[in-house]
Amino acid sequence: MVVDSEVVLDVEAFRAEFPALRQQVRGFPLAYLDNAATTQKPRRVLEAISRFYERDNANVHRGVHELSVRATKLYHEARATVASFLGAERPEEIVFLRGCTEAINLLAHSLGSRLRPGDEIVLSELEHHSNIVPWQMACERTGAKIRVAPIHDDGTLDLEAYRGLLSERTKIVSILHVSNALGTINPIREIAEAAHAAGATVIVDGAQAAPHLPIGVRALGADFYAFSGHKVYGPTGIGALYGRYELLEELPPFLGGGDMIARVTFEGTTYAKPPARFEAGTPNISGAVGLAEAIRFVQEIGLERIGRWEETLTKLAHEALGDIPGLTIHGPKDRKAGVVSFSLRGAHPHDIGTILDTQGVAIRAGHHCAQPLMARLGVPATARASFGLYNTPEEVQALARGLEEVRRVLGL
Amino acid sequence: MSDLRELYQEVILDHNHRPRNQGELPDANAVAEGHNPLCGDQLTLYLKVEDGKIADIRFQGCGCAISTASASLMTEAVKGKSVDEVREIFHRFHALVTGEAEGQEFFDEFDSLMALAGVKEFPVRVKCATLAWHTLQQALEGGGVASTE
Ligand SMILES: Cc1ncc(COP(=O)(O)O)c(C=O)c1O
Chain A
349 MVVDSEVVLD VEAFRAEFPA LRQQVRGFPL AYLDNAATTQ KPRRVLEAIS RFYERDNANV
409 HRGVHELSVR ATKLYHEARA TVASFLGAER PEEIVFLRGC TEAINLLAHS LGSRLRPGDE
469 IVLSELEHHS NIVPWQMACE RTGAKIRVAP IHDDGTLDLE AYRGLLSERT KIVSILHVSN
529 ALGTINPIRE IAEAAHAAGA TVIVDGAQAA PHLPIGVRAL GADFYAFSGH KVYGPTGIGA
589 LYGRYELLEE LPPFLGGGDM IARVTFEGTT YAKPPARFEA GTPNISGAVG LAEAIRFVQE
649 IGLERIGRWE ETLTKLAHEA LGDIPGLTIH GPKDRKAGVV SFSLRGAHPH DIGTILDTQG
709 VAIRAGHHCA QPLMARLGVP ATARASFGLY NTPEEVQALA RGLEEVRRVL GL
Chain B
1306 MSDLRELYQE VILDHNHRPR NQGELPDANA VAEGHNPLCG DQLTLYLKVE DGKIADIRFQ
1366 GCGCAISTAS ASLMTEAVKG KSVDEVREIF HRFHALVTGE AEGQEFFDEF DSLMALAGVK
1426 EFPVRVKCAT LAWHTLQQAL EGGGVASTE
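So the sequence lines, in the order shown, correspond to chains A and B.
Per my numbering, residue 349 is the first one in the first sequence, and the count goes up by one each step.
Per my numbering, residue 1306 is the first one in the second sequence, and the count goes up by one each step.
Just so you know, the hints here were simulated from the structure itself, not pulled from any lab data.
All C-beta atoms, glycine included, are put in the ideal place defined by N, C-alpha and C.
One or more of the hints may lead you astray.
As the list claims (entries may be wrong) - These stretches of chain B come out as covered by chain A in the derived footprint (C-beta under 8 Å, 3 or more residues): (1) 1310-1320; (2) 1335-1345.
What the hints assert, rightly or not - Only some residues are given here: those of chain A computed to face chain B with a beta carbon under 7 Å: (3) D501; (4) T504; (5) H696; (6) H698; (7) G714; (8) H715; (9) P728; (10) V757.
To be verified - A few chain B residues that don't get close to chain A, going by computed Cβ distances all over 12 Å: (11) K1384; (12) R1397; (13) E1405; (14) A1422; (15) V1429; (16) R1430.
All chains should be modelled from the sequences, with the hints used to inform the complete structure.
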């Protein structure tokens, strides 16, 4: 396969904006193929954060002074940027949180408080632990039950079986948009339609979708949609939860404290309207500023183009890895998002990871926080290469060469 | 020898491909499970302890080359040893793989365990090399689940 990257995307120009990519690891140029875990940050994001601290730093909502006004304005603007990124109707539908995990915990707590014994929550076999454990905790508190929608052998959701699980008992369907372990893209629109027909609320874990696909929460039919900034070229410790405003308005708070109240007396407290109701305490202001800059960065390039480029890399990887004896790629062959998850007969993923690392190739080896999925696939773990907008065909070749070295070192 | 070749030397690959003392031990009187949450490795260790000595030992489980080879080598090294001796060997082995035993003459009688010395150049893999040993310790202390975390 011949790739003319210029046609799709000027990768070299983008790479130059990522300081962390310009380094040698163990004497080799770094090939960072662990983007599903976290992405590197472009200089403009780092600069936006330091500019905030150097010039505008103050607490938000609390001061009449110039710096506080500026910080508050930047924070509001960041909210608007996230709202437009997700296709929300208004900025007040965006709650800033630590990330996807915190968002799901908020929902499991606040939406979960309405669950009754016999109610059901539908998840899928693809879920990340962060979309399993908070629901198990909610079930322990309320007596509700988890039902699990199965996948086909190719790692795609069994829609038929999923529909079969829905009933009037289904109160919540919480499902990931893109699988971090396999790259599977779930048909959220169909999933949401069926869930709504059953009267359930739809929560989408968008942690892996946000960096790869254009998202329109309205068109998807998501009632709630969560993602983490650090997987979209933004800083760690910041993420967002979208919630349809009518739903956020009915939702009880999660954490209590400053900024989330309308009025406090010792007799009782009136909560603020969303999103403030869900943002107790001083928020991650610099994180929000950095995230907004990261979003502008990907929007300027265009998620369609980013997605197409990653698809090219994924195809190349399937070609380059497909010839390696004993190598199996898990999950769908195509129509997936930037993830190549594989096993090599006779080589444990952990050993693969170590040997690749000695050649500067960074991948993830393990269960990808999806142990139930690993059990379903019948493997203890997989090796996973995951692509970002700055990866190159040469890096895919470095991965393939590295795997030949794995075979040599392990005597396969 | 490069760090990598030293890590994956012949002895390790051999014990990875053909682990010794693998399987269940029907008359075990101590059992423990070990988990390495980092990579999902799991191991069950079966012991027959008689008169304060390890009369027999076997392991079952799946793991990376380092943890499998380490478990296999461990079973060979501790068979017939007293519980106190085992504790001492683990102590020394731990020092070996973490690099704290640099330059010390520790392993005259446990030559084969020296094969894991290469782990010290790969600090993230120390837990793979010690999983079986932590599990052994757990089994000797009354069973249950050991975790490298
Ligand atoms: C699918 C999916 N959901 C949720 C998460 C959790 O994200 P975070 O750790 O940023 O909260 C991840 C991150 O690995 C993920 O891949």
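These are the hints, each one checked on the structure:
Requiring three or more residues with a Cβ within less than 8 Å of a Cβ of chain A, the coverage given for the region 1310-1320 of chain B holds, as 4 such residues are present. For the region 1335-1345 of chain B, the stated coverage by chain A holds: 3 residues have a C-beta nearer than 8 Å to a C-beta of that chain, and at least 3 were required. Hint status for D501 (chain A): violated, given a least beta-carbon distance of 21 Å to chain B, over 7 Å. A least Cβ separation of about 23 Å between T504 (chain A) and chain B goes past the 7 Å threshold, and the interface hint is therefore violated.
With a least beta-carbon distance of about 4 Å to chain B, the hint placing H696 (chain A) at the interface is held under the 7 Å criterion. Given hint, H698 (chain A) at the interface with chain B, holds; its Cβ is 4 Å from that chain's nearest Cβ, closer than 7 Å. Taken as an interface hint, G714 (chain A) checks out: its beta carbon lies about 5 Å from the nearest beta carbon of chain B, inside 7 Å. Checking H715 (chain A) against chain B: minimum C-beta separation of about 4 Å stays under 7 Å; hint holds.
For P728 (chain A), the interface hint holds, the least distance from its beta-carbon to any beta-carbon of chain B being 5 Å, beneath 7 Å. Contact between V757 (chain A) and chain B, as hinted, is supported at the beta carbon level, the nearest pair being about 5 Å apart and thus within 7 Å. The Cβ of K1384 (chain B) sits about 25 Å from the closest Cβ of chain A, beyond the 12 Å cut-off, so the non-interface label holds. Look at R1397 (chain B): its CB is around 24 Å from the nearest CB on chain A, clear of 12 Å, so calling it non-interface holds up.
With a least beta-carbon separation of about 21 Å from chain A, E1405 (chain B) lies farther than 12 Å from that chain, consistent with its non-interface assignment. Residue placement check: A1422 (chain B) keeps its beta carbon more than 12 Å from all beta carbons of chain A (closest about 16 Å). Interface exclusion of V1429 (chain B) from chain A breaks down, the closest Cβ pair being 8 Å apart, not more than 12 Å. The beta carbon of R1430 (chain B) sits about 6 Å from the closest Cβ of chain A, which is not more than 12 Å, so the claim that it is off the interface is violated.
Violation of the numbered hints given earlier is confined to hints 3, 4, 15, 16; the remaining hints are satisfied by the structure.
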